[in-house]
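Enquirer: With these hints in hand, go ahead and build the complete structure from the sequences.
2 protein chains.
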Amino acid sequence: MSKLLIVGTVAFDAIETPFGKTDKILGGAATYISLAASQFDVQSGIVSVVGGDFPKSFLQNLNDRNIDTSGIEIIEEGKTFFWSGKYHNDLNSRDTLITELNVLADFQPKVPDNFKDTDFLMLGNLHPGVQMSVIEQISIRPKLVVLDTMNFWMDNSLDELLEVIAKVDVITINDEEARQLSGEYSLVKAAKVIHKMGPKYVVIKKGEHGALLFHNGNVFFAPALPLEEVFDPTGAGDTFAGGFIGFLASTQDISFENMKRAVISGSNLASFCVEKFGTERMVNLTNVEIKDRLKQFKELTQFDIELS
Amino acid sequence: MSKLLIVGTVAFDAIETPFGKTDKILGGAATYISLAASQFDVQSGIVSVVGGDFPKSFLQNLNDRNIDTSGIEIIEEGKTFFWSGKYHNDLNSRDTLITELNVLADFQPKVPDNFKDTDFLMLGNLHPGVQMSVIEQISIRPKLVVLDTMNFWMDNSLDELLEVIAKVDVITINDEEARQLSGEYSLVKAAKVIHKMGPKYVVIKKGEHGALLFHNGNVFFAPALPLEEVFDPTGAGDTFAGGFIGFLASTQDISFENMKRAVISGSNLASFCVEKFGTERMVNLTNVEIKDRLKQFKELTQFDIELS
Chain A
1 MSKLLIVGTV AFDAIETPFG KTDKILGGAA TYISLAASQF DVQSGIVSVV GGDFPKSFLQ
61 NLNDRNIDTS GIEIIEEGKT FFWSGKYHND LNSRDTLITE LNVLADFQPK VPDNFKDTDF
121 LMLGNLHPGV QMSVIEQISI RPKLVVLDTM NFWMDNSLDE LLEVIAKVDV ITINDEEARQ
181 LSGEYSLVKA AKVIHKMGPK YVVIKKGEHG ALLFHNGNVF FAPALPLEEV FDPTGAGDTF
241 AGGFIGFLAS TQDISFENMK RAVISGSNLA SFCVEKFGTE RMVNLTNVEI KDRLKQFKEL
301 TQFDIELS
Chain B
1 MSKLLIVGTV AFDAIETPFG KTDKILGGAA TYISLAASQF DVQSGIVSVV GGDFPKSFLQ
61 NLNDRNIDTS GIEIIEEGKT FFWSGKYHND LNSRDTLITE LNVLADFQPK VPDNFKDTDF
121 LMLGNLHPGV QMSVIEQISI RPKLVVLDTM NFWMDNSLDE LLEVIAKVDV ITINDEEARQ
181 LSGEYSLVKA AKVIHKMGPK YVVIKKGEHG ALLFHNGNVF FAPALPLEEV FDPTGAGDTF
241 AGGFIGFLAS TQDISFENMK RAVISGSNLA SFCVEKFGTE RMVNLTNVEI KDRLKQFKEL
301 TQFDIELS
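Quick note, the sequences are listed as chains A and B, same order. Counting with our numbering, you get residues 1 to 308 for the letters of the first sequence. Counting with our numbering, you get residues 1 to 308 for the letters of the second sequence.
Bear in mind the hints are in silico, worked out from the structure with no lab data behind them. As the structure is a prediction and not an experimental result, all values here were calculated from the model. For every residue, glycine included, the Cβ atom is placed at its ideal position computed from N, Cα and C. One should not assume that every hint holds.
[What the hints assert, rightly or not] Keeping only pairs whose Cα atoms sit at most 25 Å apart, straight-line, the calculated DMTMM-like set for lysine to aspartate or glutamate is:
id: 1; chain 1: A; residue 1: K21; chain 2: B; residue 2: D304
id: 2; chain 1: B; residue 1: K189; chain 2: A; residue 2: E280
id: 3; chain 1: B; residue 1: K189; chain 2: A; residue 2: D90
[Unchecked claim] What the simulated footprint calls covered on chain B by chain A, stretch by stretch (three residues with Cβ under 8 Å from a Cβ of chain A suffice, anywhere in the stretch; the number is not a length):
id: 4; stretch: 103-110
id: 5; stretch: 204-216
id: 6; stretch: 224-237
id: 7; stretch: 254-268
Expert: This is the structure in structure tokens:
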């Protein structure tokens with residue numbers, strides 16, 4: 001079984017959407033990534049940090065899903081990272097109301113010994129300095145390193161971010177971030193520029209408009225499943241990334257053909273994530289539901305046309 | 001061979017994009033629809049109106065592509081419909097600079113006798129009263145009636161538009177128009193509402209984000225081909241519609257499975273249309289290019305994932 005190490009935030013979120021609002025609930029990139037990856041046959045572990053206010057039961061819930069949380073440092077006298085946001089009516093944009101870095105401010109990641117030989121490494125969205133520190137603690141180059149990041153780091157830590165980008169195999173960013181990073185409006189041109197920065201594979205996430213996978217002049221597109229209702233988009237991008245790398249780690253096949261399936265798997269899981277607040281849908285998700293929805297993805301996209 | 005009757009504007013356009021601008025060039029919904037449909041084995045004809053200023057050579061060019069223009073009335077003392085627009089930098093939005101209805105203002109469509117038994121009817125975007133008049137002149141119910149329309153008619157002639165919508169099999173509109181027509185933000189819900197207005201098939205065009213085909217709770221998605229450069233989006237929606245109905249008319253198969261292929265065919269042709277100003281790319285398009293790009297659509301969307 002492949003090892004999958006995930007670095008990212010484990011956090012409290014308070015979310016407001018047109019459909020309701022939550023108090024502090026479990027959130028964070030590493031949480032969503034690991035929950036998505038736990039749908040696959042992998043041995044995954046998280047590197048992160050929380051405060052003394054973080055319920056042990058939340059960690060236990062992750063452990064119950066075979067997620068190793070020994071790399072989550074607990075700073076008893078500190079407080080867990082907290083983010084609060086409010087989505088606009090179209091759910092495509094949001095305002096950040098509160099960002100309290102708390103224990104994340106001085107986070108020095110420590111990779112547990114049993115994950116220093118991880119086969120797959122997922123660098124979830126956080127400070128590129130933390131991502132680089134994790135890369136440097138891995139003793140053998142993993143089979144695949146996937147990076148997720150966002151515009152905040154392009155604005156504030158571009159040089160450090162570019163050093164991380166140079167070291168990864170796959171980058172996943174959204175369309176606006178791809179444009180910002182590359183200086184190109186066309187996503188095809190943007191992917192070419194980003195390829196030159198290092199990643200052999202560029203995944204551009206377009207939210208409700210799906211995701212594009214670029215590699216060596218080849219391109220694959222996975223739509224988002226058209227849903228009657230999107231309830232809360234929080235964590236959809238992280239869930240996509242977790243499904244993507246979880247699928248690859250479990251199949252131990254990093255060919256382009258298999259990456260297509262991984263992109264579909266990520267889109268599939270993300271389509272569940274948005275149906276409820278926070279992680280609620282992801283922790284109540286059955287294998288039958290996942291397979292049924294994969295069938296819907298096939299029906300949505302597959303056609304048979306004569307090329308002769 | 002199926003007969004395909006197309007009603008819509010034949011016009012002069014003057015277009016400005018970030019890449020340049022044109023003087024008055026050939027444009028109009030029926031022009032783009034018929035050029036796209038002429039890629040298929042169909043006997044097509046146009047019902048429209050132009051002024052005495054419209055070059056005979058333009059009509060001859062359509063005739064050379066086996067498009068019957070005897071239903072294009074020429075009002076010698078009148079002027080041809082003229083539209084001028086300027087696209088914004090992202091090419092996703094535009095300002096209309098000039099709209100001169102001219103001969104279109106009092107247009108009374110006359111369906112030529114040889115098309116009163118048309119097998120397929122394409123109602124291109126223009127006044128719903130004109131669309132209804134054409135429907136009423138067809139003696140035998142066509143196998144398939146496809147309607148394209150836009151927000152302008154929803155704003156100004158909603159009652160007449162709803163009467164036309166009630167009589168068609170397929171409606172093609174863009175995402176914002178689907179939301180306006182249905183009052184639903186979710187496109188899945190919007191399609192359900194529009195189904196109840198009459199059309200058994202609802203095609204929602206999302207421009208660079210592809211197109212969705214809804215029917216009886218089934219949904220199919222065709223992406224737009226990711227292009228390095230979009231030069232001029234004018235006519236892309238009409239070209240999509242022309243490719244859609246041209247494919248159906250030539251194959252004489254209006255099953256849902258074949259409509260999937262038709263949506264792909266429409267997207268394929270639209271991907272060429274935007275590569276040059278106006279109709280330039282569409283009149284210089286080879287069958288080999290079309291087939292090659294269909295292969296790209298397959299590579300872009302087809303995947304093979306185990307569902308067991």
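Enquirer: Taking the hints in turn, state whether each one holds.
Expert: A quick look at each hint next to the structure:
1. Taken as a hint, the K21/A and D304/B pair is broken in the structure, with Cα atoms around 39 Å apart against an allowance of 25 Å.
2. Taking the CA atoms of K189/B and E280/A, the gap is about 24 Å. The hint holds against a cut of 25 Å.
3. With a C-alpha separation of about 14 Å, the suggested pairing of K189/B with D90/A holds against the 25 Å cut-off.
4. Beta-carbon proximity to chain A at under 8 Å applies to 0 residues in the stretch 103-110 of chain B; the threshold of 3 is not reached and the given coverage is violated.
5. Coverage of the stretch 204-216 of chain B by chain A holds [criterion: at least 3 residues with CB-CB distance below 8 Å; count 4].
6. A stretch counts as covered by a chain when three or more of its residues have a beta carbon under 8 Å from one of that chain; for the stretch 224-237 of chain B and chain A the count is 5, and the coverage holds.
7. Check on the stretch 254-268 of chain B: 5 of its residues sit with their Cβ under 8 Å from a Cβ of chain A, so the three-residue criterion for coverage holds.
The structure is inconsistent with the numbered hints 1, 4, although it conforms to all the rest.
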